[in-house]
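Colleague: If you want the building blocks of each chain, they are given just below.
There are 2 protein chains.
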Amino acid sequence: MYIDKLVESLGEEKVTQNKTELTRHSQDESMHSAVKPDVVCFPVTTEDVVEIMKIAQTFNIAVTPFGAGSGLEGQANPVNGGIVISTEGMNQIIEFRADDLAVTVQPGVTRLTLNKYINHYGMTFPIDPGADASIGGMAATNASGTTAVRYGSMTDQILKMTIVLADGTVVTTGTKAKKSSSGYHLNELFIGSEGTLGFITELTLTLHGIPEEIIFARCTFKTPSLCAEAAQSVLLSGINVRRMEFVDPNTIKRVNQYGGYTYPEKYSLFFEFAGMKQSVEEEAFFTEEIMRDLGCENWEAAKDSKDREELWKARHEMSYAFRHVQGYDAFSSDVCVPLSELPTMIHFATDLLSKHAIKGGIFGHVGDGNFHTMLAFKHGNQEERDIALKINDQVVDRALQVGGTCTGEHGVGLGKMDFQAKEHGNSLKIMKGIKQLVDPQGILNPGKIFK
Amino acid sequence: MYIDKLVESLGEEKVTQNKTELTRHSQDESMHSAVKPDVVCFPVTTEDVVEIMKIAQTFNIAVTPFGAGSGLEGQANPVNGGIVISTEGMNQIIEFRADDLAVTVQPGVTRLTLNKYINHYGMTFPIDPGADASIGGMAATNASGTTAVRYGSMTDQILKMTIVLADGTVVTTGTKAKKSSSGYHLNELFIGSEGTLGFITELTLTLHGIPEEIIFARCTFKTPSLCAEAAQSVLLSGINVRRMEFVDPNTIKRVNQYGGYTYPEKYSLFFEFAGMKQSVEEEAFFTEEIMRDLGCENWEAAKDSKDREELWKARHEMSYAFRHVQGYDAFSSDVCVPLSELPTMIHFATDLLSKHAIKGGIFGHVGDGNFHTMLAFKHGNQEERDIALKINDQVVDRALQVGGTCTGEHGVGLGKMDFQAKEHGNSLKIMKGIKQLVDPQGILNPGKIFK
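Protein chains in written order, with numbering that gives the first Met the number 0: chain A, 0 to 450; chain H, 0 to 450.
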């Protein structure tokens, strides 16, 4: 019935029950179970989304947004069936304002597509979660990644959004100005809300100049704690690194096999320095001094863009190197803790991994205190799966104990719901109140974030 | 009756109806009319604030928070009388975590007190609104100032807060980690909410290393538009200035008189570069090249800290130089617009000032697109006052037309309420819904932000 209405309102080409499409929109890249929606819509405009919402509200149907499907916590899995709204057709760069260092895009534009477009003009959108995620999905999960140490998360890069609410009302949040003290800050409320408060149809983003010079470097240490301490020293020295990543030997071994690389299989730090020529050289020089003072085993730095590209390609493949092993399932923790707690946290996670007979590795964005404990287990082996889940619980519990968060960048989705009460305490009531206020029928991405 | 309860609950020394205190807590530094509260409370702990809130709720009494009283939009004026909660006694630095580059403070700590404490450890809290504002007040208004071009606003520097809600519930928002994708981002909802959603009793702030080297510089141009264009060029070049301020001749003339300075009375840009030695020299060098290419009349740069301190002291006094003239009232606009709109906006405001027989000047944070049109009029002269208000309206209207905001850093308070509907459109309904959700009786700072 409601599907007929959707076809009537949007036209046949924007509404499908094709089985391949239903399957394609049944899950993201996480290990959370696939659930097929009843129908997939491909809106092109804000008005199309309004029509979908009005029908969904009338018939009380669940609406789950779907971007590039690269999420890691099941946010895009339509667990209650109903309508999936794909942003695939909302792929236009609406307005590029070079003089404002800003661009307005539809949510289905991916970060690589955007960068391909703006790189010609000497600009870059630097938030880099690894996957070629959609900008809408990145906003919905408050994504970040390897460059967060300098640029922060999506919440730091979004100026303005257009959002369709559950009742079909179109609102805008924020302005095109760089800062504001006017009214409540609704941008940040919707960023990271994973489609549970509204559907984002336009985003105005801050852009950055492509740095004049980039140097990358890597070094290794004897222990993971020494790596974490070294990373902390760099930040305390005020060196404005653009990337600073920790990787453990297990992960390097795995990615060497996966991608045919030959990186030393040791506790490693990978750096990127970016900016004006002299500044960058000065930063790399001082970082090397700090690393050597702290007893690094080696230091290699280079300006060659081919080597650099390979390094960050390998970094991005680390997660895939675990996830895409035949016969294995894998997932990762995503805790983020105060910097001072990072050495003992990484030590704690390393210990857990080596104590249990479980495949895994640790890597992450040590400049933010954010790291991933990758946990792999044989498909169908319940015992191994339980051990992996228990390790994850222990890592998260400890992160919360030391004042951190259960998710630094992946979002809550299905996988982090259990930790929300513990992390947020009383303020969870405010979150639930806001959800109830904006989506009283509970049709927007039901079954996510809140138990 | 409720005042007896306050005395009973908090003790006499924390509750006063002393006339001097009532007067001292009747208004901030704005031109908005003073209104005396019925009682002023001086809590010391979160628990004290809980007690006050419970009594206020029971007796349905307005509660207005009061920090250093340096606000510019009347946020601290208790327009409905009732209780003023002063943060004067909540002046403790609770926990300084050097390794995390973080500090937890009570809301009454002022930014200079905080900096005096942490500067010893090589760190700085860089948000600088000019006045020695309280950290709580700065959070409540999402303050920023001369360094926002590099560090953003308060919203970019706050990790975690403890907040007492209208019903006395204590909640925490955010975590001590640098980033999070967990649940809705309530930090940003409360930051800038001007005490209308809750009373902040603890704040964990991000700190920054004191830069190794600082260079300041200034230059002048023939027109205000040229200044704005020059500022834009600096940003497009990716130079990470720490301060970049525009000042018009009227303002320089006024502050020269006020503070006995001898700055050239021309359209001026003031710069601060800060970081590692070579980087800073490189930045200053390139900025000078850009300025000369664009036809600046002169360029003076220096590392001398005395000259630099005098310059920023003068910059901070610009507002006072207008506000503290015997027999005159003064206020300023606080619009913030996309960078590309800044040259025409400043030209527009300059034109309005010169067209009308009204004293005023223009200065502001051109790196953010945020500037102030200072408007002064003879006390009691209704005609002049009306002209000033009309100019303000025109400046704000134009800022909104070009995609900007009515207030970049001062907040809404009493002075920007009229522009909320126009700026926020439909999303104002969400804001009001949240206010109703969290403070159904409307006792928290009534009469502010919303009409």
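Think of the hints as simulated: they come from the structure by calculation, not from any bench. There may be inaccurate statements among the hints.
Beyond 12 Å from chain A on every Cβ pair, some chain H residues (computed) [claimed, not checked]:
no.: 1; residue: Asp3
no.: 2; residue: Leu100
no.: 3; residue: Phe284
no.: 4; residue: Arg291
no.: 5; residue: His409
no.: 6; residue: Gln419
no.: 7; residue: Lys428
Mimicking DSS-like on lysine-lysine, the simulated pairs with C-alpha atoms at most 27 Å apart in a straight line are [stated by the list, open to error]:
no.: 8; chain 1: H; residue 1: Lys389; chain 2: H; residue 2: Lys434
no.: 9; chain 1: A; residue 1: Lys434; chain 2: H; residue 2: Lys377
no.: 10; chain 1: A; residue 1: Lys159; chain 2: H; residue 2: Lys431
no.: 11; chain 1: A; residue 1: Lys159; chain 2: H; residue 2: Lys421
no.: 12; chain 1: H; residue 1: Lys13; chain 2: A; residue 2: Lys434
no.: 13; chain 1: H; residue 1: Lys312; chain 2: H; residue 2: Lys354
no.: 14; chain 1: H; residue 1: Lys434; chain 2: A; residue 2: Lys276
no.: 15; chain 1: H; residue 1: Lys305; chain 2: A; residue 2: Lys428
no.: 16; chain 1: A; residue 1: Lys431; chain 2: H; residue 2: Lys431
no.: 17; chain 1: H; residue 1: Lys389; chain 2: H; residue 2: Lys377
no.: 18; chain 1: A; residue 1: Lys53; chain 2: H; residue 2: Lys276
no.: 19; chain 1: A; residue 1: Lys434; chain 2: H; residue 2: Lys421
no.: 20; chain 1: A; residue 1: Lys53; chain 2: H; residue 2: Lys252
no.: 21; chain 1: A; residue 1: Lys377; chain 2: A; residue 2: Lys354
no.: 22; chain 1: H; residue 1: Lys358; chain 2: A; residue 2: Lys159
no.: 23; chain 1: H; residue 1: Lys276; chain 2: H; residue 2: Lys265
no.: 24; chain 1: A; residue 1: Lys434; chain 2: H; residue 2: Lys265
no.: 25; chain 1: H; residue 1: Lys159; chain 2: A; residue 2: Lys431
no.: 26; chain 1: H; residue 1: Lys377; chain 2: H; residue 2: Lys421
no.: 27; chain 1: A; residue 1: Lys428; chain 2: H; residue 2: Lys428
no.: 28; chain 1: H; residue 1: Lys265; chain 2: H; residue 2: Lys252
no.: 29; chain 1: H; residue 1: Lys53; chain 2: A; residue 2: Lys431
no.: 30; chain 1: A; residue 1: Lys431; chain 2: H; residue 2: Lys428
no.: 31; chain 1: A; residue 1: Lys421; chain 2: H; residue 2: Lys159
no.: 32; chain 1: A; residue 1: Lys421; chain 2: H; residue 2: Lys434
no.: 33; chain 1: H; residue 1: Lys312; chain 2: H; residue 2: Lys265
no.: 34; chain 1: A; residue 1: Lys428; chain 2: H; residue 2: Lys252
no.: 35; chain 1: H; residue 1: Lys428; chain 2: A; residue 2: Lys276
Chain H side only, calculated, beta carbon under 8 Å to chain A, not exhaustive [to be verified]:
no.: 36; residue: Gly167
no.: 37; residue: Thr205
no.: 38; residue: Glu281
no.: 39; residue: Lys421
no.: 40; residue: Asn425
Predicted model, so just to flag it, every value in this text is computed and none were measured. Note that the Cβ used here is the ideal one computed from N, Cα and C, for glycine as well.
Colleague: Is the nearest Cβ of chain A still more than 12 Å from the Cβ of Arg291/H?
Modeller: Holds, since 18 Å exceeds 12 Å.
Colleague: Below or equal to 27 Å on CA atoms is what counts here, so check Lys13/H against Lys434/A.
Modeller: violated (38 Å)
Colleague: Starting from Lys377/H, check that the Cα of Lys421/H is at most 27 Å away, please.
Modeller: violated (30 Å)
Colleague: For Lys159/A and Lys431/H, compute the direct alpha-carbon distance and say whether it is at most 27 Å.
Modeller: Holds, at roughly 19 Å.
Colleague: Going straight from one Cα to the other, do Lys428/A and Lys252/H come out at no more than 27 Å?
Modeller: Cα-Cα ~54 Å, so violated.
Colleague: Find the nearest Cβ of chain A to the Cβ of His409/H and say whether that gap is larger than 12 Å.
Modeller: Its Cβ does come within 12 Å of chain A, the nearest being 6 Å, so this is violated.
Colleague: Quickly compare the C-alpha distance for Lys434/A and Lys421/H to 27 Å and report which way the hint goes.
Modeller: holds (25 Å)
Colleague: Check the hint pairing Lys305/H with Lys428/A against an upper bound of 27 Å on the C-alpha distance.
Modeller: violated (52 Å)
Colleague: Does Lys159/H pair with Lys431/A here, judged by a C-alpha cut-off of 27 Å?
Modeller: Distance ~19 Å between Lys159/H and Lys431/A Cα, so the pair holds.
Colleague: Would the least Cβ to Cβ distance between Lys428/H and chain A come out above 12 Å?
Modeller: Non-interface label fails for Lys428/H: nearest chain A Cβ at 8 Å, not farther than 12 Å.
Colleague: Given the hint that Lys312/H pairs with Lys265/H, does the C-alpha gap stay at or below 27 Å?
Modeller: holds (18 Å)
Colleague: Hint check: Lys434/H vs Lys276/A, CA-CA at most 27 Å. Holds or violated?
Modeller: With Cα atoms ~50 Å apart, Lys434/H and Lys276/A exceed 27 Å; violated.
When held up to the earlier numbered hints, the structure conflicts with 2, 3, 5, 6, 7, 8, 9, 12, 13, 14, 15, 18, 20, 22, 23, 24, 26, 34, 35, 36, 37 and 39 and fits the remainder.
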